[in-house]
Amino acid sequence: MTDINDAIGQQMATRASDPTPALPRTGPLMIAMRNVSKSYVTEKPALNDVNVEIGSGEFVFIVGHSGSGKSTFIRLLLRELTPSRGQIIVAGQDLAKMKNWKVPYLRRNIGCVFQDFKLLPNKTSFENVAFALEVIGKSKHVIRTQVPEVLRLVGLEDKIDNYPDELSGGEQQRVSIARAFVNRPPLLLCDEPTGNLDPQTSLGIMKLLERINKTGTTVLIATHDREMVDNMRRRVIALEGGRIIRDQDRGVYGYVD
Amino acid sequence: MSINVGYFIRESMQNFRRNWVMTLGAVITIYLSLLLVGVFLVTGVLVNSVVKSVEDKVTIQVFLKDGAATADVNALQKNLLANTLVQGVEYTSKDKALEQFKEDMKQSPEIIDQLEGNPLPASLDVTLKDPRTVEDMVKAIKIDPLFTKVADRPDNPEESLKYGQQVVKKLFAFTRVIRTLEIAFVAMLAAVSLIFINNTIRLAIYARRKEIGIMRLVGASNWFIRTPFLLEGVLQSMIGATLAIVSIVGLQAAIMPRLGEALPFLPVGMDTAATAQISLVLILAGVFIGLLGSGFALRRYLKV
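So the protein sequences, as listed, match chains A and B.
With numbering that gives the first Met the number 0, the residue at position 111 of the first sequence is 110, and numbering never jumps.
With numbering that gives the first Met the number 0, the residue at position 236 of the second sequence is 235, and numbering never jumps.
If you are wondering where the hints come from, they were derived from the structure by calculation, not from laboratory data.
Each hint should be verified, as a subset may be incorrect.
[Unchecked claim] With a cut-off of at most 25 Å between alpha-carbon atoms, the simulated PhoX-like pairs for lysine-lysine come out as follows: (1) K158/A with K209/B; (2) K209/B with K139/A; (3) K64/B with K95/B.
[To be verified] Partial list, derived from the structure: chain B residues whose beta carbon lies under 8 Å from chain A: (4) Y6; (5) K209; (6) E210; (7) I213; (8) M214; (9) L216; (10) V217; (11) G218; (12) A219; (13) S220; (14) N221; (15) F223.
Glycine included, C-beta positions come from ideal geometry on N, C-alpha and C.
Work out the full structure: start from the sequences and follow the hints.
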């Protein structure tokens with residue numbers, strides 16, 4: 000079974016080979032996966048022998064069909080899951096060896112953005128963002144200065160006191176990006192950040208993520224959004240059946256759905 | 000790390016207000032469970048006091064023959080007092096026994112009239128520390144040589160000892176069953192309450208799993224997430240326990256005088272110490288249940 004998968008994977012990798020394959024990373028690494036596999040029950044593995052390096056300050060798309068292992072990839076980086084085999088290093092820390100009680104401190108270095116925003120409906124934009132600082136024990140003073148600042152950065156300075164149900168989908172996603180970024184994490188993970196949004200709004204969100212990337216934050220986006228990936232011309236890592244079948248600098252989505 | 004206490008208190012109070020339906024549900028469940036446990040504890044204390052007063056009536060009377068040497072009787076009394084099972088030994092003289100008999104038989108003076116002289120023997124009345132040891136004590140008395148010397152009827156020692164031979168065994172079998180039942184019932188009620196309360200708190204936490212998920216996502220430490228829930232659980236339990244205690248004291252005030260009237264022959268009664276003890280037990284049980292219930296319920300949502 001694995002042999003066949005191997006063969007297919009290699010074949011596809013060859014077929015999709017691109018004039019600009021990913022070069023070896025030079026500067027400091029943000030993420031390194033070495034021979035990482037993850038199996039759930041006894042089914043075939045969700046991730047199979049994945050090797051990838053992502054440098055500090057990069058902007059990377061992870062693309063692939065449903066079930067290709069994108070979500071597993073993201074969840075491994077958040078250490079919601081531990082790998083069955085292999086080594087994962089995020090921001091210099093070995094996740095496989097990390098003690099459970101240390102995980103919250105890892106997460107303070109990783110901002111997270113999701114398709115469904117995950118905002119608290121009974122809190123305003125300000126309170127939603129402030130919540131992220133409150134629960135990691137930041138002082139009132141820090142909250143009062145940083146929250147308005149980050150809301151201005153995402154362009155919501157006039158929606159500070161609105162509740163999520165008073166905001167459009169794009170605005171809600173901006174609030175959730177503000178929440179992910181308010182702590183200035185070195186790494187921002189986005190799982191289908193534009194999955195619920197129309198193309199125009201999606202473009203705005205991508206521009207915002209690009210701007211955040213310019214501040215030196217590493218941005219990793221798992222997405223289905225073909226048009227976006229093709230327009231942005233950034234590094235693309237393509238997953239299929241739990242393997243990396245393509246890794247290009249300045250890549251495209253590359254599948255015919 | 001600076002954890003501000005204000006946050007926890009504010010958060011718990013806020014949750015209390017925002018999720019008041021859930022909170023009310025939890026408080027009522029805790030209240031009813033603890034009320035049941037409390038009522039049963041009170042009943043248990045009452046039954047116990049009745050059982051104990053009946054048991055305390057178990058004494059051993061050692062009948063002495065007329066003209067037994069005072070020195071021997073005193074020596075026997077001393078021997079008995081030296082026994083670790085014995086609480087006290089009292090000497091009843093022949094005259095006193097007759098007086099007592101007359102007092103008991105006041106209703107039928109014809110029996111007293113028929114008495115010639117004083118047929119009643121003097122006796123040593125032995126009270127025991129633990130009435131359940133009566134059989135052992137009787138054996139101990141029988142082998143005492145002084146006993147055979149002063150006993151009313153040395154030829155038949157059985158006749159010289161009176162301790163309600165037939166009644167005692169049945170009585171103790173009965174009280175043992177009652178005590179076992181009591182413990183079993185309280186244990187069962189406690190288990191049921193724990194399950195109920197755990198379930199209620201779990202529902203309350205389930206209703207807020209989204210919030211917990213976000214807290215974990217942005218890197219709140221587990222203790223930070225847990226503390227407001229635990230505080231809330233304890234607060235709910237305290238309120239439930241207080242309500243239960245108030246209800247029990249109220250019920251006691253309403254029912255006890257009537258019970259005393261209806262059953263004047265039973266020494267039912269509760270001192271404030273017993274009530275205080277039960278209150279303490281309820282509060283501690285409430286806090287314990289609140290902590291344990293929310294702790295267990297949270298484990299699912301906190302597993303990393």
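> Among all the numbered hints in the text so far, which are the ones the structure does not match?
Replying inline: Every hint satisfied by this model.
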